[in-house]
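If you're matching them up, the sequences are chains A and B in order. My numbering puts the first residue of the first sequence at 2, with every later residue one more than the last. My numbering puts the first residue of the second sequence at 181, with every later residue one more than the last.
A couple of the hints might just be wrong.
[To be verified] Simulated restraints on C-beta separations: (1) Ala616/B / Leu39/A: 40 to 46 Å; (2) Ala471/A / Arg287/B: 23 to 29 Å; (3) Ser197/B / Gly360/A: 41 to 47 Å.
[As the list claims (entries may be wrong)] Pulled from the structure, derived: some chain A residues nowhere near chain B, Cβ distances all over 12 Å: (4) Met281; (5) Leu403; (6) Ala407; (7) Ser422; (8) Arg440; (9) Met461.
To be clear, the hints were calculated from the coordinates, so they are not data collected in a lab. In this text, all values refer to a predicted model and were calculated from it rather than measured experimentally. The beta carbon of each residue, even a glycine, is placed where N, CA and C say it ideally should be.
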Amino acid sequence: MAWQNWLLLLILLSSMVPGLIIFTLAESNRGWRTALNLCGAVVKMILVLVMIIGISQGQRFAVALPLLPGVDLVLRADPLSALFVALSSLLWLFTTLYAVAYLEDSPNRSHFFGYFSLCVTVTIGIALAGNLLTFLFFFEMLTLTTYPLVIHRGTAEAMAAGRVYLLYTLTGGLLLFLGVVWLYVLVGEVDFSRQGLLMPLLDGHRPALIGIFCLLISGVGVKAALVPLHGWLPRAMVAPAPVSALLHAVAVVKAGAFGIMRIVLDVYGLPLTSGLGLLMPLMLVATCTILYGSLLALRQDNLKRLLAYSTVSQVSYIVLGITIGNPLAIMGGMVHLIHQGIMKITLFFCAGNIAETLGVHAISRMNGVGRRLPLTMGAFTLAAMGMIGLPPLAGFVSKWYLGLGAINQGEGWLLVVLVLSTLLNAAYFLPIIYRAWFREQEGPWPKDSGAMGLWECHWMLVVPPLLTAAISLLVGLLANSTLSPLAWVRFIVTTRYEPW
Amino acid sequence: MVSPLLQNGEPGVLLLSMVPGLPLVVAFMLLGRATRQTGLQLAPWAALPALAAALLLQPGIDLEVAWFFMGGRMGIDEVGRSFLLLAALVWGAAAWFGRGYLRADPRDHVFFFFYLITMAFNFGLILAQDMLGFYLFFGLMSISAYGLIVHNRSPEARRAGLVYLVLVMVGEVLIFSGMVVMASRLPDLELATIAASSSGGVSFFLLLVGFGIKAGLVPLHVWLPLAHPVAPVPASAVLSGVMIKAGLLGWLRFLPLGQESVLPGWGGALVLLGLLAAFYGVIIGLAQQEVKTILAYSSISQMGVMTMLVGCGLLAPGHGPQVTWAVSIYALHHGLAKASLFLATGMGTAKGSSPAASGQLWLLFLPALSLAGLPFTSGAIAKFVLKEVVHALPAPWLGILTFVLPLTALATTLIVCHFLKQMAAGLPHQSAPSPAMRLSWLLLWLSSALLPWVWPQQPAYASQATEAALLWQGLWPVVAGGMIMMVSWRWWPVSRHLTVPAGDLLWLVWPSHKELARKDEAQAEKRLFSEIKAGGRARQLLDFFPSQGRRWEKKLRRWSLVGAAYLLLCLLFLVMLFR
């Protein structure tokens, strides 16, 4: 095999091997564990960078491994997978850094970091999956590797959340499995690189195609937290902050959204999806999710729960972009995969800092936090304003392209949805910012782990949100440069989906 | 007339980038403990690059930064130059004033942080030569001004801030939608392209209302009289002098002025709305006691006149440039005069307290009466260019406006007389102004008196505006207004017969704060805090949905919807398979 083929395997192994070794390490072996984690994350970053440069120069990366007789595990890197891989590996690096400091004195760290690495491996697997069976394989693995992370704290609440999580995701997995098998029976292996594979079935197998689509979408829709399949997400926020950060920004929810992209754009293809009349229902589901998630977020007083509902709402921007279905809107949706990830991970990092340093979980107790944690709240403010979609932050870029796409497609009413969503986001994020900066502290904090040297708390808790907040500013501010996610998404859309 | 010295090229580009750049740098210096004092000392000078750019740079200079945001273009054009001059003078003088005004305030660095970033964004929006750049800086400026309004953290300030922020967000989404609709029809987003294209319908309406919120368009003006009295004096000066003009500039940049294709109905509606605001602002303003509130209502009234001008631009095809120019002259005149009046409210003018104070009171007559268009003041030029535009209008409007315009001048006289009387009655709790405050105020006063005479690019207007026939036209409304006020003070004081809380129409839609409007402070404070505790009024309005939503959420969980959805899908399958 040429080096191009090894590269994809190496990318997977760069987090899997450290993960497996960490399981065997003793709990007290902090140095080795951290070193392995960070080495893995950095090596993966470098490999991913090599892959992205390769793809932009037209190189092809693919590898097939025999899984079952007649069934191959196919890994292939197209520009869309590169987008997701880049997001996962970058944010994994930051989250690892954050998690090391966050879990400093808590029990079961080897266990935690082991599953943490596996979770990222599997997410990368989902991104690189070259056909539907491989996708299914990794998608199911994701449920199994994230479950231990969700219940990591072991409290009754965590266990209950874990049960709900399993119930939802396994049922979703079952639906997805049924859909994949049915499709396999109809056409055999579904390779993502062959577009229009299902087109000939349009005449004879219309009901079957619709049924399969419903199965597939409701299968991945559970992880993408489409209303009404979102119930697990707000509960899963009992997990430790780094897990929530990863769950919301990269791993589970994004895997679902990525799955919807794959199914609509690559398995069915936009012409077939719209020919079957399935784009409109999915668009309606997405708009309902956007508004419903935000309306529920309004009422939350627990910061992490509010962020969870905000994720429900924001991830559906991605689905909305895909279902509008013209290049501009697809760009807006796809780039939101990156933008929402960066902004949301910042928000969860900050929520974790506030909880960890001051013991504050409720928004109503956040008065004056800005004075005590200015850097954290600065990052939070940037990310929250990005979520609202204020220029020049990341969220605005997505919103702008979604809006343009909607108008060009003649769906002006979607502009109303975007506007309402913006106002709702403002209505639940601005009060938090207001409390933190413009109100005085009331009474002592529940606890205060104190400043550390130059930093307001442990530096490894402050640096990751600062970096991700800076990135969420830069990807918006420099959206037009050739290195921005927007430029890459434009590359994807012009090379693959423009002709339609 | 000032001649441009710098041509396109390196020094010009450097100067251009320093216009928003320097204030931002100084603002961030204020955040670090070590650089804070230096930052505070630099704050008054941060507007100098803008002043230099306005005076020295040639219109037409621009700078394209392809990687910035979504392809940015910054530059100076004719309109921008005039607005930049106004902004630089007012922001600079008010910053200088503010150093003295806030000298005893321990949180002065917080104020100047918000002041400087707001200033940088305000300069940025004037320089922006493309749609998204303008939108970017406009949004940033609006949001950062919140920090100026709530600076003193009183319940009134918080309430004004809340009203302001809600309206800013509504304006923001309206402008966003308007721009998306407009952008979908344009080949590129540069202002030159927009000026050449004709936009009507939806995007026109969205942008009109969106920018109208900032420009104090009645009935969206309610934030203005609330925000001005509570903000520190330098902040009110820039709010009224410059920032509300950003909405006006938005109209000039994005509305199809002087084009044939637009609906003349909109132009007429805008003219009427402007006239309504011109009189409405005066009537409500006369019922006010607080000097800064009176000035705020006068600003609403004056912005009404400028709204009327913009409406004229929509009614008179082919007169786009003339209207734009007239609006920028009017804005320059009003901004300088109003800012110097606002700064005066921060200097304490108790009658007879000192010769300097009473001298200053007499000096106030000039900017005050220039608002009413007194001959030989900057207002005379503004009213003259206004009349020039009106003469270009088609038949019914020409007659109506020729009749009504002198009445607006008369109304303005009434409100400025009311203001002067309140000033003469003295202001409570003011410490003596520092020399820097006096100097910066004098600077602004002088620019207000002189600048509009030397600035206009067509200096012929300055001499025409002083012709004998026009003198009488300018004089009689002022004389009549003054006499009416004297009569009214003697026999029928308006404010004793008419009490309207600041924020007027707001109380129709926001009744729970009537107590605060009636100055029943203890009651209102209790109410306000309980509301903020409950998550703010905006959230309460939406209470219904979340409470319903929570109920659904509970049902969904109990019922384990996934299982049900699964069963449903299986059924669907069976039906399809056996069909």
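Separation of Ser422/A from chain B, once the least beta-carbon distance is taken, above 12 Å: violated, 10 Å
Ala407/A remote from chain B - nearest C-beta pair above 12 Å: With a cut-off of 12 Å, Ala407/A comes too close to chain B, as the shortest Cβ separation is near 8 Å.
Consistency of the no-contact label for Met461/A, given chain B and a CB cut of 12 Å: Non-interface label on Met461/A holds, nearest chain B Cβ at 22 Å vs cutoff 12 Å.
Hint check for Gly360/A and Ser197/B - Cβ pair distance inside 41 to 47 Å: holds, 45 Å
Assertion that Met281/A lies farther than 12 Å from chain B (Cβ): It holds; Met281/A is separated from chain B by about 18 Å at its closest Cβ, greater than 12 Å.
Status of the given 23 to 29 Å range, CB of Arg287/B versus CB of Ala471/A: holds, 27 Å
Status of the stated non-contact between Arg440/A and chain B (beta carbon gap over 12 Å): violated, 8 Å
C-beta pair Ala616/B, Leu39/A: status relative to the range 40 to 46 Å that was hinted: Since the Cβ atoms of Ala616/B and Leu39/A sit about 55 Å apart, the hinted range of 40 to 46 Å is violated.
Separation of Leu403/A from chain B, once the least beta-carbon distance is taken, above 12 Å: violated, 9 Å
Figure legend: structure checked against the earlier numbered hints; hints not met, in rising order: 1, 5, 6, 7 and 8.
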